[in-house]
Amino acid sequence: MEKDVVIKIRGLVNGFGSQILHDHLDLDVYRGEVLGVVGGSGTGKSVLLRSIIGLNQIRSGTIEVFGKDTSKLNDMQMRDIEMRWGVLFQEGALFSSQTIAENIQVPMREYLDMPQQLMNEIASMKLSMVGLPENAAVKYPSELSGGMKKRAGLARALALDPDIVFLDEPTAGLDPISANMFDELIKDLQKSLKLTVFMVTHDLDTLRATTDRIAVLVDRKIVVGTIDELRKNPHPWIQEYFSGPRGRAAA
Amino acid sequence: MSTAHDTQDDARARVRTERKARSLRLMAEGQWTTREAAALDAELRRIDLGDATDAVIDGSGLERIDSAGAWLLVRTKRDWEQRGTRVAPIVLDDVYNALLHAVEHEHTAPPVTIHDQHTLQAFVGRVGKATVHGLQQGVGILGYLGRVTVEVTEAIYHPRGNLKFAALVHQVEETGINALPIVGLLSFLIGIVLAYQGADQLKRFGAEVFTINLLGVGLLRELGGLVTAIIVAGRSGSAFTAQIGTMRVNEEIDAMETIGINTVDALVLPRILGLVIALPFLTFYADVMGLLGGAVMCYFDLGITVPVFMRQLQDAISVNTFMVGMIKAPVFAFIIGLVGCFEGLQVERNAASVGKLTTRSVVESIFLVIVLDAGFSILFSIIGI
Numbered sequence: 001m002e003k004d005v006v007i008k009i010r011g012l013v014n015g016f017g018s019q020i021l022h023d024h025l026d027l028d029v030y031r032g033e034v035l036g037v038v039g040g041s042g043t044g045k046s047v048l049l050r051s052i053i054g055l056n057q058i059r060s061g062t063i064e065v066f067g068k069d070t071s072k073l074n075d076m077q078m079r080d081i082e083m084r085w086g087v088l089f090q091e092g093a094l095f096s097s098q099t100i101a102e103n104i105q106v107p108m109r110e111y112l113d114m115p116q117q118l119m120n121e122i123a124s125m126k127l128s129m130v131g132l133p134e135n136a137a138v139k140y141p142s143e144l145s146g147g148m149k150k151r152a153g154l155a156r157a158l159a160l161d162p163d164i165v166f167l168d169e170p171t172a173g174l175d176p177i178s179a180n181m182f183d184e185l186i187k188d189l190q191k192s193l194k195l196t197v198f199m200v201t202h203d204l205d206t207l208r209a210t211t212d213r214i215a216v217l218v219d220r221k222i223v224v225g226t227i228d229e230l231r232k233n234p235h236p237w238i239q240e241y242f243s244g245p246r247g248r249a250a251a
Numbered sequence: 001m002s003t004a005h006d007t008q009d010d011a012r013a014r015v016r017t018e019r020k021a022r023s024l025r026l027m028a029e030g031q032w033t034t035r036e037a038a039a040l041d042a043e044l045r046r047i048d049l050g051d052a053t054d055a056v057i058d059g060s061g062l063e064r065i066d067s068a069g070a071w072l073l074v075r076t077k078r079d080w081e082q083r084g085t086r087v088a089p090i091v092l093d094d095v096y097n098a099l100l101h102a103v104e105h106e107h108t109a110p111p112v113t114i115h116d117q118h119t120l121q122a123f124v125g126r127v128g129k130a131t132v133h134g135l136q137q138g139v140g141i142l143g144y145l146g147r148v149t150v151e152v153t154e155a156i157y158h159p160r161g162n163l164k165f166a167a168l169v170h171q172v173e174e175t176g177i178n179a180l181p182i183v184g185l186l187s188f189l190i191g192i193v194l195a196y197q198g199a200d201q202l203k204r205f206g207a208e209v210f211t212i213n214l215l216g217v218g219l220l221r222e223l224g225g226l227v228t229a230i231i232v233a234g235r236s237g238s239a240f241t242a243q244i245g246t247m248r249v250n251e252e253i254d255a256m257e258t259i260g261i262n263t264v265d266a267l268v269l270p271r272i273l274g275l276v277i278a279l280p281f282l283t284f285y286a287d288v289m290g291l292l293g294g295a296v297m298c299y300f301d302l303g304i305t306v307p308v309f310m311r312q313l314q315d316a317i318s319v320n321t322f323m324v325g326m327i328k329a330p331v332f333a334f335i336i337g338l339v340g341c342f343e344g345l346q347v348e349r350n351a352a353s354v355g356k357l358t359t360r361s362v363v364e365s366i367f368l369v370i371v372l373d374a375g376f377s378i379l380f381s382i383i384g385i
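Same order as they appear, the protein sequences are chains Y and Z. Be aware that the first sequence starts at 1, since it is given in this note's numbering, and climbs by one per residue. Be aware that the second sequence starts at 1, since it is given in this note's numbering, and climbs by one per residue.
Same shape as in the complex, but just chain Z:
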């Protein structure tokens, strides 16, 4: 008794099975290519071995077969063998021998399994990993802080030409002078916003003139320095990480080390010191521009003229107010530079890592700047400034 079973007559690839007593004959016909693989895969999985003890896979009727098709034949053969059926070697035109060999070649391992990432266990694992990584990061940056401190001290007390003046000036230009337009514009706008909001609220008490106090204290003590530091972290901190990181990808850092150049001297010190020099000036400039914005707003919104504005400002702030803002700038600069350079040196030798660490560098430096600012506030309130 024999039964023949045809499938998908109109398809370009066909599977036919023929049963004779306890043997099964699978005939592959048509074009067994990657395009047809999905349909063939379903078809082959539906074939029921039944009580067959012997099987033949016959590919002599194939017009064309590629590696996906060959894989399906090989997989079916292995499948059946695993279930205890004797399967004769696959019958295939001689021209395809090399292909069949390539597909069969030492490929015995189970198919790729991708671990499920959505289990509770995986979640706990990720949290743990992130915690450990965060701690390691903290320890790493502390260690780096130590090294940079030593090198800075050495560069100042025992100068041996390890700090390149030209590189330092270049960094001051890059991080300071080139940042003037954006820092100026943003501070000016913040002055406007602050004056507008302050005036709006204080008007209710008839105390519009104290808008100037708000502006003076707010900008000089806090906002001028903070906004500048945040802009610089985004602008220069990220640039430090990207520059040093790209050098790392290109093995330039390794090359420097083998030549005997101290990478801290050559790359890190000019950047950090350049920023430490530039940021106080930028902060001062931001203060001035912010007050200017506030003055413009006061004139148009409240009708306060510039001489009145100046007189009130003089009463509202003291040199201390200004100094409190300025003293924070070099500290912010040091942190931004340190984090930027540290993350740059953490870059692994692939392009994706540069982007990842640049993002991390900006986030970390802005975070640290705000934390430090809060710390300064507490410190100043304790010592009563």
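Chain Y on its own, in the form it takes in the complex:
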């Protein structure tokens, strides 16, 4: 069966000033897969993510999401796509003037006409899904720890049950138990919702536990494969990454 491509990147070029980050990079993300993106510091992992979700002006190339070139869409068509993805930013990016429950309800308010009680129920259900206690709902982001903010951010990203979830370093800053729970959660959601996950991460345990394929950013290009395929790749950085002490420990 032909695999269904939800994100298709062709010839992507990105850079700052004279420095080139991505040099004609191609990448396909399939429906229902968990794709991990890794790379050294400054190789443009976050820039790649931000390019796909339209926060970063690309120099050239095309990015298609759900088969539509995002640079050619008008605002209304873009909204349709934005409704179908959720983004978890590194620090959660919660709206500081709203409680956690209100934060989760923001996408519902923006796109759907729901009674308040149902929104409250869904918000509290999402909270428990991401492992936050019930009383977090009425707190403000400033009252939560970093890990809790991250979970609340995930709950907001999942508010509309999107098709694609973008995660920027989701387990960074979480304790190993929470990180494991997070991995489980990603796997569960992915299995039941046919969720596509695009995840920038450095956590080798997460990569091992959740990802179907891994995209490695090296030399301004991308190398994609399963963890076992990548272990056989002779590139020195990839070797160092997957066969170094941490890489071996995660295996």
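Keep in mind that the hints were calculated from the coordinates and are not lab data. We put the CB at the ideal spot given by N, CA and C, even for glycine. Check each hint, because a few of them may be wrong.
Part of the chain Y face toward chain Z, derived, beta carbon under 8 Å [to be verified]: (1) Asp4; (2) Val5; (3) Lys8; (4) Glu121; (5) Ser142.
In silico DSBU-like pairs for lysine-lysine, Cα to Cα no more than 35 Å straight-line [said to hold, decoys possible]: (6) Z:Lys77 - Y:Lys191; (7) Y:Lys187 - Z:Lys77; (8) Z:Lys203 - Y:Lys139; (9) Z:Lys77 - Y:Lys139.
Given the coordinates of chain Y, assemble chain Z onto it according to the supplied hints.
Quick look at chain Z alone, frame taken from chain Y:
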């Protein structure tokens, strides 16, 4: 006897109920997604259990379900169970087991309730909180005043390199020299306005020439210093709070303290002393520019030439008039710097707090500057200057 009840045939998501004797069968069909949740929610709440003692929730006819849809099924099941009906486990395609589990997982608490903020009780509570907070703020700033006074005295009498000369000069440049254009322009305009209004009123008595007295006394005693202090509070006081506050958010202040750097020496003293040095000069400059504006207006509006203006000004004011205005400047500077730095150090570790405290710092310092100015007026009238 069996009855079947169909709803919303054209909708993408459907709810059907079937009654057989005392058992109720709910059949969920179509696409139970977040988009349809609002309609489904209303539909489910309308279902009447009647005399049913047993119920089955059957989701085997679903094309697609997401977490909102799954939640609606789970909620309905719990609802019915609470009313004493036996509900069989939800029938759902195996692929959705993980989803159902995730939704059901330990989620038993009541839905989110947001407290009503519009009751009288909540209002009284807010007033009380604000009062206590205001008092605490006052005590806090008094304590800080004490600490800064001690540190300043120490820096002057036992200098041990704790006051960095370069930092001080930088602050004088930042708060003084860089403020020259805006302070100059505004004082010039205030001189014009004052002269125009004064001339307009005094003309009626044929006393136009006293416009210059009004200008001289008004600007030198009060307005020059006050306007400069207010501009500086908005310009530099806010900058102090924002700079120190951002350092607090970045944990730079914590880092300094663990290294053993005295934050008052490193951050607060150069700012306050820099401002104390800069503000009197700025005030003097504002006085000059204000008089210049007044002189321009007098020339064009009243035809008073510059030599006449100067002679009348000399009669109108004395050195005392000038000194009364100038002596207030360092006090204003100290207060603006103190409040700016104090509020900066109050910032919590989030970005929103920087904005909140910057606003508060500006409001407080302008408030205190005007209160102090009134205090000075009373003091000077008592001692008869």
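Outcome of the hint check:
1. The closest approach between the C-beta of Asp4 of chain Y and any C-beta of chain Z is roughly 15 Å, which is over the 8 Å cut-off, so the hint fails.
2. Below 8 Å, beta-carbon pairs count as interface contacts, and Val5 of chain Y has none with chain Z, the closest being about 20 Å; its hint is therefore violated.
3. For Lys8 of chain Y, the shortest C-beta to C-beta distance to chain Z is roughly 24 Å, which exceeds 8 Å, and the interface hint is violated.
4. With a least beta-carbon distance of about 5 Å to chain Z, the hint placing Glu121 of chain Y at the interface is held under the 8 Å criterion.
5. Nearest Cβ of chain Z to the Cβ of Ser142 of chain Y: about 4 Å, under the 8 Å cut. The hint holds.
6. With a CA separation close to 24 Å, the supplied pair Lys77 of chain Z and Lys191 of chain Y stays within the 35 Å bound.
7. With a CA separation close to 26 Å, the supplied pair Lys187 of chain Y and Lys77 of chain Z stays within the 35 Å bound.
8. A C-alpha spacing of about 64 Å is found between Lys203 of chain Z and Lys139 of chain Y, which places the hinted pair above 35 Å, so the restraint is violated.
9. The hinted pair formed by Lys77 of chain Z and Lys139 of chain Y meets the criterion: a straight-line CA distance of about 29 Å does not exceed 35 Å.
Against the hints set out earlier in the document, violations occur for numbers 1, 2, 3 and 8.
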